[in-house]
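Trainee: Okay, here's what each chain looks like letter by letter:
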Amino acid sequence: MSETADLLDPEASDRTSDRQLIDLDALYRESGIGGMLAGMDRELVGLVPVKTRIREIAALLLVERARRSIGLRAEPPSLHMCFTGNPGTGKTTVARRMAGLLHGLGYIRRDHVVSVTRDDLVGQYIGHTAPKTKEVLKRAMGGVLFIDEAYYLYRPENERDYGQEAIEILLQVMEDNRDDLVVILAGYRDRMEVFFRSNPGMASRIAHHVDFPDYEADELLEIARLLAAGMQYRLAPEAERAMADYILRRMVQPRFANARSIRNALDRARLRQANRLFEARSSAIGATDLLTIAEEDIRRSRVFTQ
Amino acid sequence: MRLTQGQFSFLPDLTDGEITKQVQYALDQGWAVAVEFTNDPHPRNSYWTMWGNPMFDLRDAKGVMMEIDACRAAHPDQYVKVLAFDSSHGFETVRMSYLINRPAEEPGFELLRAEGPGRRIGYTVRSYAAGRPPGERYGRETRHGT
Ligand SMILES: Nc1ncnc2c1ncn2[C@@H]1O[C@H](COP(=O)(O)OP(=O)(O)OP(=O)(O)O)[C@@H](O)[C@H]1O
Ligand SMILES: [Mg+2]
Numbered sequence: 001m002s003e004t005a006d007l008l009d010p011e012a013s014d015r016t017s018d019r020q021l022i023d024l025d026a027l028y029r030e031s032g033i034g035g036m037l038a039g040m041d042r043e044l045v046g047l048v049p050v051k052t053r054i055r056e057i058a059a060l061l062l063v064e065r066a067r068r069s070i071g072l073r074a075e076p077p078s079l080h081m082c083f084t085g086n087p088g089t090g091k092t093t094v095a096r097r098m099a100g101l102l103h104g105l106g107y108i109r110r111d112h113v114v115s116v117t118r119d120d121l122v123g124q125y126i127g128h129t130a131p132k133t134k135e136v137l138k139r140a141m142g143g144v145l146f147i148d149e150a151y152y153l154y155r156p157e158n159e160r161d162y163g164q165e166a167i168e169i170l171l172q173v174m175e176d177n178r179d180d181l182v183v184i185l186a187g188y189r190d191r192m193e194v195f196f197r198s199n200p201g202m203a204s205r206i207a208h209h210v211d212f213p214d215y216e217a218d219e220l221l222e223i224a225r226l227l228a229a230g231m232q233y234r235l236a237p238e239a240e241r242a243m244a245d246y247i248l249r250r251m252v253q254p255r256f257a258n259a260r261s262i263r264n265a266l267d268r269a270r271l272r273q274a275n276r277l278f279e280a281r282s283s284a285i286g287a288t289d290l291l292t293i294a295e296e297d298i299r300r301s302r303v304f305t306q
Numbered sequence: 001m002r003l004t005q006g007q008f009s010f011l012p013d014l015t016d017g018e019i020t021k022q023v024q025y026a027l028d029q030g031w032a033v034a035v036e037f038t039n040d041p042h043p044r045n046s047y048w049t050m051w052g053n054p055m056f057d058l059r060d061a062k063g064v065m066m067e068i069d070a071c072r073a074a075h076p077d078q079y080v081k082v083l084a085f086d087s088s089h090g091f092e093t094v095r096m097s098y099l100i101n102r103p104a105e106e107p108g109f110e111l112l113r114a115e116g117p118g119r120r121i122g123y124t125v126r127s128y129a130a131g132r133p134p135g136e137r138y139g140r141e142t143r144h145g146t
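Sequence order for the protein chains is A and B. Here our numbering is used: the first residue of the first sequence is 1, the next is one more, and so on. Here our numbering is used: the first residue of the second sequence is 1, the next is one more, and so on.
I should point out that these hints are in silico values taken from the structure, not numbers from a laboratory. Do not take every clue at face value.
To be verified - Distance condition first, Cα-Cα at most 20 Å in a straight line; then the derived DMTMM-like pairs of lysine to aspartate or glutamate:
1) 21/B with 69/B
2) 132/A with 57/B
3) 132/A with 64/A
4) 132/A with 136/B
Since we're looking at a predicted model, the values are computed, not measured.
Take the sequences, apply the hints, and build the full model.
Mentor: Right under this line is the structure:
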């Protein structure tokens, strides 16, 4: 401990500052975090601001650990987060990965995410909400509690809404059990802002606001490739060009939901591919046929006829 | 008289850190952990009151510790124990059971001898505390079952 005091004493610092060398790189390697970050880069397209923030958090936690190793005060930082962004921008996907990362960095004890929405937290009658919320909190302890579309917790139009009760309990736990639980709220940007304006207590407990940008067309094409590969399909070169056209058209249509629209488009392309193969079932087919999404499987989409 | 029942009963009372580790062990085995309390310390009293439901879907001991804290806060002057139930085939029974709270004063037990025909002696053990009505057994305790 006296060594730590020395570190902070300007007179003594010359003597001690370099005596203890800390191998930050070794800490980094031990944590296995490099692999996880690389996996995130590989499996998640784009999302640069999100990845940057996650890297910053990882650095903070590693430095925290280094500080603790030489006896410096290391207050565990508050890591409650809010993910905002349009539909299908990857909020849920990233939240699920956060648990693995924070666990690897030794910030949470367990690598689990408990994912809930309003209905899991808020009850139907007086006295129903508190036990429900506590039940969820108990299950989430040690890991990540992910609350999707968090603004539904707050219904200002109904003054006897039980959502407020759930919010109060959450606020308490977010403050008292910082070592036990990371809360991640997610939702659309504008509605989240309204929610925070009417719940300043919640806003002040959230250290990290992460905004998920909409994807660019080329990113969506890359996502299409990744998703197809994940389902063990392959886009033929002409099909890929068709997909690029599809994306440009789909992006400007109503109810465009970023990566989710791409996933849905692929699901429908699989349907058409299956039909195409089935129609031609009199001739034998090979593995390539089963694997490949052809141009027509995409061009037949309604998006091209509208 | 210090009541000794269940596991660890001849050790000093477990600290919260030790209870957390024991609970985590039980959860890691996939056992359901329950909290129960009573103001009747008789060793044959198997009717302890359940504090909430057994917890079988938790991963981390902290969730159980929250219930333990709540139970001890509500019944500071009663006996509280933790049970771990193994539902796997062939066991289907309690695998762990230990006290985690006790009244500040434990009056102990009275041994009664009843002489029968042929000078046969029948023995009865009665806790002094249970001689008084619930709510008055250990000073400021709250009523049994509430
Ligand atoms: N960057 C990405 N790279 C690869 N796939 C992605 C990416 N972002 C999203 N996806 C895929 O898109 C789909 C939708 O993503 P997700 O459910 O995470 O979106 P969301 O932001 O939670 O949407 P919502 O707000 O509608 O709930 C998922 O199937 C996911 O695999
Ligand atoms: Mg989502």
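Trainee: Can the restraint linking residue 132/A and residue 136/B be considered satisfied, given a maximum Cα separation of 20 Å?
Mentor: The hint is violated at about 33 Å.
Trainee: Holds or violated: residue 21/B with residue 69/B, Cα cutoff 20 Å?
Mentor: 15 Å, holds
Trainee: Given the hinted pair residue 132/A and residue 64/A, is their alpha-carbon gap at most 20 Å?
Mentor: 35 Å, violated
Trainee: Do the alpha carbons of residue 132/A and residue 57/B lie within 20 Å of each other, as the hint requires?
Mentor: Roughly 14 Å between the alpha carbons, so the hint for residue 132/A and residue 57/B holds.
This entry does not satisfy hints 3, 4, going by the numbered hints stated previously.
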